[in-house]
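Engineer: Heads up, my numbering is the position in the sequence shown plus 5, with the first residue counted as 1.
What the hints contain is simulated information worked out from the structure, not anything from laboratory work.
Since the structure is predicted, the reported quantities are computational estimates derived from the model, not experimental observations.
In this text, a Cβ means the ideal position worked out from N, Cα and C, and glycines have one as well.
A few of these clues could be false.
To be verified - Each pair of labels, with its calculated beta carbon distance range:
id : residue 1 : residue 2 : range
1  : 91        : 70        : 19 to 25 Å
2  : 80        : 49        : 33 to 39 Å
3  : 68        : 34        : 27 to 33 Å
4  : 32        : 65        : 17 to 23 Å
5  : 68        : 24        : 16 to 22 Å
6  : 99        : 17        : 34 to 40 Å
7  : 24        : 93        : 16 to 22 Å
8  : 47        : 96        : 25 to 31 Å
9  : 45        : 98        : 17 to 23 Å
10 : 20        : 98        : 19 to 25 Å
11 : 46        : 19        : 26 to 32 Å
12 : 46        : 94        : 16 to 22 Å
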Amino acid sequence: MSKRIYIALPHGYTRETSYAAEDALTLLGYEPANPADNGTNDRANLCMLTQCDGVLLMPGWETSPMSTIAVTVAKHLNIPVGTYDQWSALAATGGQR
């Protein structure tokens, strides 16, 4: 079963950016969880986050109040948070940290 990864998007992201992140995670063998699918429904996004195994930090994520909250919640819940390079390296090792 693949790990489900929440995508922490930057403020003002484009659909193309969010789809590119989905594609990149899928190619690494992860199941992407894209908060853009919920629009501005922050409750739905936080619910989505709690069902994930990790968080992908997109460049500029810290410009988004929702992504900042999501990262804080993830860390509080001990959900791993990392960049694309970190998730890529983890996938290359078969998920071993």
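Engineer: Is 16 to 22 Å a correct range for the gap between the Cβ atoms of residue 46 and residue 94?
Structural biologist: Violated, at about 32 Å.
Engineer: Could you say whether the range 25 to 31 Å given as a hint is met by the Cβ separation of residue 47 and residue 96?
Structural biologist: holds (29 Å)
Engineer: Taking 16 to 22 Å as the stated bounds, is the beta-carbon spacing between residue 24 and residue 93 within them?
Structural biologist: With a Cβ separation near 18 Å, residue 24 and residue 93 satisfy 16 to 22 Å, so the hint holds.
Engineer: So the hint says 26 to 32 Å: do the beta-carbon atoms of residue 46 and residue 19 match that?
Structural biologist: For residue 46 and residue 19 the Cβ distance comes to about 19 Å; the hint is violated.
Engineer: Holds or violated: 27 to 33 Å for the Cβ distance of residue 68 and residue 34?
Structural biologist: The hint (27 to 33 Å, Cβ to Cβ) holds, given that residue 68 and residue 34 are roughly 29 Å apart.
Engineer: For the range 33 to 39 Å, tell me whether the beta carbons of residue 80 and residue 49 fit it or not.
Structural biologist: violated (20 Å)
Engineer: Taking the CB of residue 45 and the CB of residue 98, does the distance hold inside 17 to 23 Å?
Structural biologist: violated (36 Å)
Engineer: Please check whether residue 20 and residue 98 have a Cβ separation lying inside 19 to 25 Å.
Structural biologist: With a Cβ separation near 32 Å, residue 20 and residue 98 fall outside 19 to 25 Å, so the hint is violated.
Engineer: I want to verify a distance hint. Is the separation of the beta carbons of residue 91 and residue 70 within 19 to 25 Å?
Structural biologist: holds (23 Å)
Engineer: With respect to the beta-carbon atoms only, verify the hint that residue 32 and residue 65 lie 17 to 23 Å apart.
Structural biologist: holds (21 Å)
Engineer: Okay, residue 99 versus residue 17 on CB: inside 34 to 40 Å?
Structural biologist: The hint (34 to 40 Å, Cβ to Cβ) holds, given that residue 99 and residue 17 are roughly 36 Å apart.
Engineer: If you check the beta carbons of residue 68 and residue 24, does the distance land in 16 to 22 Å?
Structural biologist: holds (19 Å)
The structure fails hints 2, 9, 10, 11, 12 (numbered hints given earlier, in ascending order).
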